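The hints should help you fit chain B onto chain A, whose structure is shown.
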Amino acid sequence: MNREMEEKLKDVCKRVVKEVDALIAYKRKKTEPREVLTVIRSEDEVDSISLSPLSVNNPAKLLMELLKTEKKVAVVAKGCDAKAIRQLIIEGKIDRDRVYIIGVSCPGVVDYRKFIKKIDDLSDVERVELIDDKIVVNGKDEIPFSEVIFENCLYCSNPTPVIYDELIGEPREGRVDFSDIDEFERMDREKRWEYWAKEFERCIRCHACRNSCPLCYCTECIVDPTNLAISPMTPAEEKATYPKILGKTISISDNVLYHLVRVLHHAGRCAGCGECERACPMGIPLRKLERKLEKVVIEEFGYDVTKEEIPFLSRLEVMR
Amino acid sequence: MKAYSGDFFKDLSRKLVEAGYRVFAPVKVKDFYLFKEVKSAQIPDDYVNTVKSVKEIVFPQNEVLIKYGDWIEEVPIDEEKKAVIGVRPCDAKALKLLDKVFLEDVVDPYYEARRKNTVLIGYACNKAGNYCFCKSLGLSPFGTEGLDLLVIKTDKKYLVDEVSDKGKEIAKLLDLEDATDEDLKVKEELEKKALESFRISINVENVKIMPEVFESDYWKEVALNCISCGVCTYLCPTCYCFDMLDEGERRGYRYRCWDSCMFPLYTLETSSHNPRSEKWQRLRNRFYDKFHYMVKRKGEIFCVGCGRCIEFCPVGIDITEVINGLSR
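So the protein lines, in turn, are chains A and B. In this text, residue positions in the first sequence follow my numbering: the first is 1, and each later residue adds one. In this text, residue positions in the second sequence follow my numbering: the first is 1, and each later residue adds one.
Only chain A is shown next, with the shape it has when bound in the complex (with noise of 0.2 Å):
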């Protein structure tokens, strides 16, 4: 992701901004390099736009809400990206029709948080880029990549968007690789257990985790159910019959009912994008779980999230 390859975003965007009522894309926030999703509309805001190793954040979400309103909406997907839009358009979430694909071949992204501790002064930076296997600050600084990669990206099986209209960048390899989840596997279960207590210990269940997810779409959650109003009409036997499934405190039991419950309705879904690590404020390792989810699907069913058009869940021969 450099400069050229921000170059041809523009070009291309600014052909097709003209046939679509939107288009999201990237931009720079004002007063540092970090880079959020942006929403534009005619061909002289496609300067605005940007595309580094600071692209990070999974546009499916908005393109799926955007949708609501808008009768055609383009985007700008990377591999994780373009493998959630195509989630949500296998399970009718998205209209394929009305999106236009703007697939970018990714290399990997930049966790934020570990850039940030490499830079002196997060208002020098002008420009971010990735050139061979380093991260290039201003044209001059340079940052091993392997010491600010996102670590999900080490493991990305489609680096490729899965699904687009037109590609920037050359086709990349991807690699189905468990080996982090292979090692976990082979600790005995109290020590899972310890490590997992340990981590959740520190959920706050802010439920960034849940609303980042592009595929959580559910207007309804076991979680914190909005329609399950008690008026004064209703009467106590049907108050009683209300889920309440888990309560709301940060005890160990809520916490790790709160992220299984969250994780298992994701088997055969998961773009993989880590939109929920990345937005977990206590630095929970939430992809781990994922992957887990992840290798089950693919070894105990051979369920190929990338290639199938039935939803996993919704396949019942793997039930039998």
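Everything labelled a hint here was simulated from the structure, so no lab data went into it. Note that the structure is a prediction, hence the values are computed from the model and not measured. Each statement offered as a hint is correct.
Within a straight-line C-alpha distance of at most 30 Å, the following computed BS3-like cross-link-like pairs (lysine-lysine) qualify: (1) A:K118 / B:K36; (2) A:K118 / B:K28; (3) A:K30 / B:K208; (4) B:K157 / B:K172; (5) B:K15 / B:K187; (6) B:K279 / A:K29.
Then chain B, alone, in the frame of chain A:
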């Protein structure tokens, strides 16, 4: 002003433990800091602030109020002696703001007891962090408001400002010398340097136009990427909303737990009407609450410029950008 040449935080924390205090200090977890109970405090130089503020010590995320079964059992008020070491001036100021909520008019006995029994040992910031903007709110990285002691680290020693009577008592635990004129000069220089190190700021003047722009589409724009999570409010040192819940049908406990105005459930009424059903309405409320409603109700802006909500927002919403971007 006093001075100490030894390892102040370590020595004081040990004395405090001996004196029966539960001592909390910033502890590195992975690559960030959290307040944790320690026997001996040590604060490395890369410490800017904790992810969760000192709020959680006087106003914990979950707090059991009563237990019930065949009868009701009151849970005794927590009157343990606690000391928090390494509190940044912004967080201490935030507790002064929380005092206005919990101790004015109706007094919250749980909060009151914890507050009364907690000693705050502040640590002046020699350099503003990446997301700090307390200066633009009229505060200082060397501010003392709300603290019992303020500790300033110089090249050679620690300077100790005895802010309150409680602080004076605590300071007696160590043999402190009087600060010299030279020390005071060094302190002044450090403060000046710290005040010059701010990278971002908030334009407080802009807050005045808030009553006129409530209906603006700006709020929809600002909320475009908002995912309605609780990061900003839970990490905020001045957010204080909580919910009360009962756990258990015939026997169980009643507890309160932090709540967030970013959650749709927060304003859902029993009639199933929700006055803030859209995420932009909820996000707008956060800014109005901090910069307008609380100014009206309590006379002060409920933001201390710690920058946690900027640093940890999963989608990059920036409180300074939002306020600075307000226009008629």
